[in-house]
Structures are given as C-alpha cells and as structure tokens.
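Q: Sequence:
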Amino acid sequence: MRTRRGISYPKVNNICCEKRREGNENMIHSRKRFKPSSGTPVVTLSGQCDFLDTLPDDIVLFILAKLGATAGCPSDFVSVLSTCKRLNALGVHSLVLSKASPKAFAFKSENWSESAHRFLKQCSDAGNVEACYTLGMIRFYCLQNRGSGASLMAKAAINSHAPALYALAVIQFNGSGGSKTDKDLRAGVALCARAAFLGHIDALRELGHCLQEGYGVRQNIVEGRRFLVQANARELAAVLSTTPSALMSGNWLTWNPLPHLRHGNVVGPGCPLLSDFGCNVPAPEPHPSNRFLTDWFSDKVLAPGLRLCSHAGCGRPETRKHEFRRCSVCGAVNYCSRACQALDWRMRHKMECRQAERWVDDGDVEDNGNVNDDDGMVVES
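Mapping the sequence shown onto the numbering used here, position 111 (from 1) lands on 97, and the numbers just tick up by one.
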C-alpha cells in the first residue's frame, strides 16, 4: 500500500522546479515573473518555488490594505514593505495607503525624518484623511508651515473628519498663525457645530461654552448647558463601554470641588453630569498627532513669551504672545481651548490651583475679557 510519504510521491518543489526548467531555462537566471494566470510557482536561484508570485496583484493589494488598516505601529507596516520588491511596490499603492490606520504613521518625534515626512505625504495624496490631519498638525505647529498645514487639515475637514474640524475651530478662535484681529469667532462656532454633530466630545463641550457665554454666537444659557451635559454624558458612556469595571467604582458619581474656589449657579450640586468639567473619568487617549506635538516640544525651547497648552494631552504651542487663555485664579496655567481646560482641571489643576495674591504678566496682555465657569475657574485671554 502506497502512502504520500513513500518514494513514489516526490516533493512538490522538485516537480515545480523540473517543469520550470523544461519550460524555459533562461527563467532561472532572469527571474522573470510569470503571469498570474499561469498558476505555476516561479523558480528562484536557490532552486525553490516562490508561491507569492502566483498571487494576482489585486489579492496582494487587498492583503496589504487589511494589514495597513490594522497596524499597531509604523514598524508593523514598514517591515512588510521591506520584505521584497513586489510588496514594496504594491505597498505604496493608493488603495493601500488610503486605508492605513492612524497608528501606521504614528511616528515618534525622535524618529521624524524626511522619509517619514514623504510617507505621510504619500498617504495624504492617496486620500487618507487621518494622514491629512496628522501631517497638517505637524506642518502647522512643528514645522511652522501654516498655510500648507491648514490646507491639509481643511482637506480632512471637507471629508467630515471631526478632529480636523475641531482643530480648525481652535485655530479660528485663537487666530493662530496670525494676529489677534485674525480671529473669526463665527467660523470657529460653525466648525465646532459640525464636529459636534459628528460626535466629537471636545467640540460639543466647546460649543456649549460658546452658547453660555455668547462667544461668537447669540447667548443661550439653557442650550449651552444642555450641550455641556450631553458632552459629559457621551464622555461617561464612552468610558463605561470600554472599561465596564468602572461601574463598580463610585468615584465618578461624586463631585467635590475645592472649598476655596468661588462657585456659580451650579444646577443640582453633587451630580457630575451637570458640572462644566464632567465626571471623574480617566483621560481619553490622545490622538497620535497630539502625542507627536507633546514629544516634539518637550525638549525644545519656544520663542520668548510663547507658552504651551497646559493640558498634557494637547501639545499645542502659542504662535504669538498671549494667544492662549490663562487661569485668573492662580495665573500659572493656560489653555488653547475650554475643552483642554476642562480635561486638565479634572485630572490635575483642581488639586493645584490656589488663589494668588497678585501676579503680573510679562508684557502687554490681550484683553478679551474673563471667562467664568460654574466650578470656580476663571480664565483670562
């Protein structure tokens, strides 16, 4: 009885190699790839068969697109492209680059190079909105190429990318890259409204403060409060959906502001959803672009008079003096937006903020008025 382990069944590789040698002797030396329709493996110089060359290009592109969409870091994707010439050529196809995940090009600042810049540019040219937003943030704030960075973020915003819409709103509110007169509050409110409609929590919170204070829009305190409660509820729901164990903890159910701070008309004291600063939930994971900004400016000295946003997960720097708002209680922190203020207050600043007897700024202050909130924080522009 013959079995498939017997000598009557020679190895498949040998059969393939013999067929290839009989068909074309020059194929061994030239390594010319046969058409996918032939279905026969290609013989390599080592005498073994290359089954990858029998796969049609569309199947390989589909596999690479799935790989790029699920990559956890840039090395997961780049290491595959360096495997062989065919994967390297197909890996930069627009179909593959357009589906790459944000983590596939989440480069660290110390690894930033011209090749990384070129790869992000290829992804953005392929229509990857995450790459457009990431490269736009890097160019606008790190490379100080304001026009190109803003246009890339606008390209992502046109494709309904919520973080890009909110980033452009922050630029409009602060007049970043220009002067104080370049602020466009109405445009910032419109961009926030669009981002909030797409589910961006920070944009929804920012829009609520704008309505409460009449900042760039007609004042509507009731509607602004509703947006703030909705933002806190969405933030809490997002945390509980990812970490159900938080249900067993009651820390987020209570809200105990510091006693030395002044309070406004807080509706329903003790309920964290009714606070402007929300529940005591863990901080959301920063976007790769914000992590890049934080790492980029961590070891760099800004121009005299310029400051970074005090929220650790933001990383935005000022583009001119006194661009960001400052805490009027202690004068020690400043924020690019009310969303960053709320996150930093909840995570850190509420334990550090102390009433200062007197503090003087180091220059001319752009007086846009003070912004008061219900939890005692007073922020000055």
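No lab work stands behind these hints: they were computed from the structure. Since the model is a prediction, treat every value here as computed from it, not as a measurement. Using N, Cα and C, we set each Cβ at its ideal position, and we do this for glycine too. Any given hint could turn out to be false.
Unchecked claim - No farther apart than 35 angstroms at their CA atoms in a straight line, the calculated lysine-lysine pairs in the DSBU-like style are these:
id	residue 1	residue 2
1	Lys286	Lys169
2	Lys286	Lys307
3	Lys141	Lys71
4	Lys107	Lys94
As the list claims (entries may be wrong) - The calculated label-pair distances, taken between Cβ atoms and stated as ranges, are:
id	residue 1	residue 2	range
5	Gly200	Leu226	14 to 22 angstroms
6	Arg104	Leu38	20 to 28 angstroms
7	Glu271	Ala55	50 to 58 angstroms
8	Ala55	Arg340	45 to 53 angstroms
9	Asp168	His103	21 to 29 angstroms
10	Thr228	Gly200	16 to 24 angstroms
11	Leu38	Met337	51 to 59 angstroms
12	Ala224	Arg104	43 to 51 angstroms
Q: Flag every earlier hint the structure violates by its number, smallest first.
A: When the structure is compared with the hints, numbers 5, 7, 10, 12 turn out to be violated.
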